[in-house]
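Asker: If you're matching them up, the sequences are chains A and B in order.
Basically this note's numbering = 1-based index in the first sequence + 762.
Basically this note's numbering = 1-based index in the second sequence + 1.
Keep in mind the hints are simulated off the structure, nothing from the lab.
Treat each hint with caution, since some may be false.
[To be verified] Heads up, simulated DMTMM-like pairs for lysine to aspartate or glutamate below, C-alpha to C-alpha not over 25 Å straight-line:
| hint | chain 1 | residue 1 | chain 2 | residue 2 |
| --- | --- | --- | --- | --- |
| 1 | B | K157 | A | D847 |
| 2 | A | K780 | B | E179 |
| 3 | B | K157 | A | E840 |
| 4 | A | K784 | B | E179 |
| 5 | B | K164 | A | E843 |
| 6 | A | K844 | B | D172 |
| 7 | B | K178 | A | D787 |
| 8 | B | K157 | A | E776 |
| 9 | B | K164 | A | D847 |
| 10 | A | K802 | A | E840 |
| 11 | B | K157 | A | E843 |
| 12 | B | K101 | A | E843 |
| 13 | A | K780 | B | D172 |
| 14 | B | K162 | A | D847 |
| 15 | A | K784 | B | D172 |
| 16 | B | K45 | A | E776 |
Here the structure is a predicted model, which is why all the values come from computation and not from measurement.
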Amino acid sequence: MTQPATKVVIVTEEVILKGIVKIIDQAGVHGYTVLPARGKGSHNVRSGAEPSVSTSHTNVQIEVIVADKTTAQRIADEVAEKYFDNFAAIVYLTPVEVLRGDKFLAD
Amino acid sequence: MEELAEFGTRLITQFQKPTLGFLIGGMIIAALGSRLTIAESIYKFIVFMLLMRIGLAGGMEIRDANLADMLLPAAIAVVVGIAIVLIGRYTLALLPGVRKEDGIATAGLFGAVSGSTLAAGMGILEAESVFYEGWVPALYPFMDIPALVAAIVLAKIYLNKQKGESNGKVDIWGIIKESLQGSALSALLLGLALGLLTEPGKVFDTFYDPLFKGLLSVLMLIMGMEAYARLNELRKVAHWYAVYAVVAPLTHGLIAFGLGAIAHFTVGFSPGGVILLAIMAGSSSDISGPPTLRAAIPSANPSTYVGSSTGVGTPVAIAIGIPLYLALASVVFDM
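Let the sequences and hints guide you as you build the complete structure.
Answerer: In structure tokens form, the structure reads like this:
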């Protein structure tokens with residue numbers, strides 16, 4: 763038995779991970795997944811693709827699943843507003859089907 | 002004339018030392034497109050090991066040291082750190098094609114201290130049996146933190162003027178806390194505390210000390226490879242950064258050398274200490290400085306300050322600065 767939900771995906775620099783987690787937390791959502799990422803965008807080539815690395819240049823992909831689409835939208839908008847100007851980031855929303863739907867309700 | 006020749010020979014022999022060899026070797030193989038990589042976790046571990054060893058050695062010696070001797074050099078460290086940021090603010094940041102906050106951030110990194118450059122310097126001094134007081138490495142935070150704070154304050158002042166608001170106070174304590182929590186300073190301070198308060202002699206002699214030279218060589222290799230990679234980023238920004246990154250380490254080092262020499266002739270600060278002070282001043286932070294600046298001045302473009310510091314500043318500070326101060330010291334202090 764699956765229920766519809768919305769997944770917010772943020773691919774960005776690791777330096778702002780803490781800030782993004784705070785935004786997610788304040789939206790009343792208490793679960794998320796962080797994956798390591800590397801790649802290229804319009805901003806710059808980020809590390810993982812270089813011979814050796816310095817800690818301030820790795821990427822992460824943060825996935826948050828929220829039952830309610832408005833909350834998902836809010837999280838996405840807040841991240842965009844706070845970080846798009848100065849940091850490399852992409853944010854997208856995608857519909858998903860989840861089991862145990864009550865796990866994804868925001869406060 | 003004879004002194005000039007001696008200075009020259011001294012300079013040249015330094016280039017044959019393994020420390021510099023590995024640094025230049027790293028740059029060359031990266032330039033040749035080698036796929037040799039050293040995992041990031043190993044890089045972090047090496048930085049930890051080197052700074053822990055430096056801290057332990059320093060802490061153990063501080064026990065017998067006269068701390069009053071530390072006051073003048075510590076004051077000089079603070080002054081030099083802040084002066085470097087001010088110099089950068091009124092030179093680099095004013096050049097055409099250089100955004101003010103980028104220039105200030107870059108000056109901030111050059112005012113801060115590089116753990117790897119310091120380790121390389123200490124390695125070379127020890128190989129030459131040059132004496133320095135045990136507490137000299139502890140001058141690191143006295144230069145590092147004031148420089149970063151000064152850069153962030155200046156940048157905030159400039160940015161606030163831009164936006165037309167006299168917005169909020171700069172969270173100075175927060176910046177200090179974040180710098181102290183950085184990986185390099187944490188390891189150094191922990192080592193100092195352990196050396197001072199516990200009896201780490203055994204583990205120091207059998208583990209941290211013997212591995213120092215070897216790990217330092219690997220770190221130099223990594224810094225060389227990293228420098229080449231960052232050089233590419235530097236190409237995309239104003240050429241003035243490259244000029245600054247070559248001139249600044251030597252200028253800052255010589256200023257510190259001069260002030261340190263005054264300390265030598267007044268309170269008996271050792272020549273080795275003067276050299277290390279110069280090395281610290283000439284160094285530019287690669288590990289802990291950039292994340293602090295990125296968080297505090299997000300609008301500054303990291304390619305400018307990281308590119309300048311890691312791409313050009315650190316190699317120049319190590320390859321040219323260290324031999325320079327050693328040769329200079331042998332002439333000025335009759336070593």
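Asker: Against this structure, judge whether each hint is valid.
Answerer: Hints and how they fare:
1. For the suggested pair K157/B and D847/A, the alpha carbons sit about 17 Å apart, so the restraint of at most 25 Å is met.
2. At roughly 14 Å between alpha-carbon atoms, K780/A and E179/B fall within 25 Å of each other, so this suggested pair holds.
3. With a CA separation close to 23 Å, the supplied pair K157/B and E840/A stays within the 25 Å bound.
4. Simply put, K784/A and E179/B have alpha-carbon atoms about 18 Å apart, close enough for the 25 Å limit, and the pair holds.
5. With a C-alpha separation of about 17 Å, the suggested pairing of K164/B with E843/A holds against the 25 Å cut-off.
6. Proximity of K844/A to D172/B is assessed by CA-CA distance (about 19 Å); at most 25 Å being required, the pair is judged to hold.
7. Only pairs whose Cα atoms come within 25 Å are accepted, and K178/B paired with D787/A is accepted, the gap being roughly 24 Å.
8. A distance of roughly 23 Å separates the Cα atoms of K157/B and E776/A; the hinted pair therefore holds under the 25 Å criterion.
9. Proximity of K164/B to D847/A is assessed by CA-CA distance (about 15 Å); at most 25 Å being required, the pair is judged to hold.
10. For the hint pairing K802/A with E840/A, the CA-to-CA distance comes to about 23 Å; that is within 25 Å, so the pair holds.
11. Between the alpha carbons of K157/B and E843/A the distance comes to roughly 20 Å, so the proposed pair stays at or under 25 Å and holds.
12. With a C-alpha separation of about 24 Å, the suggested pairing of K101/B with E843/A holds against the 25 Å cut-off.
13. Our distance criterion of 25 Å between C-alpha atoms is met by K780/A and D172/B, whose separation comes to about 18 Å.
14. Taking the CA atoms of K162/B and D847/A, the gap is near 19 Å; set against the 25 Å cutoff, the hint holds.
15. Of the supplied pair hints, the one linking K784/A and D172/B holds, its CA atoms being roughly 19 Å apart against a limit of 25 Å.
16. The hinted pair formed by K45/B and E776/A meets the criterion: a straight-line CA distance of about 16 Å does not exceed 25 Å.
Consistency with the previously given hints is maintained throughout, with no hint failing.
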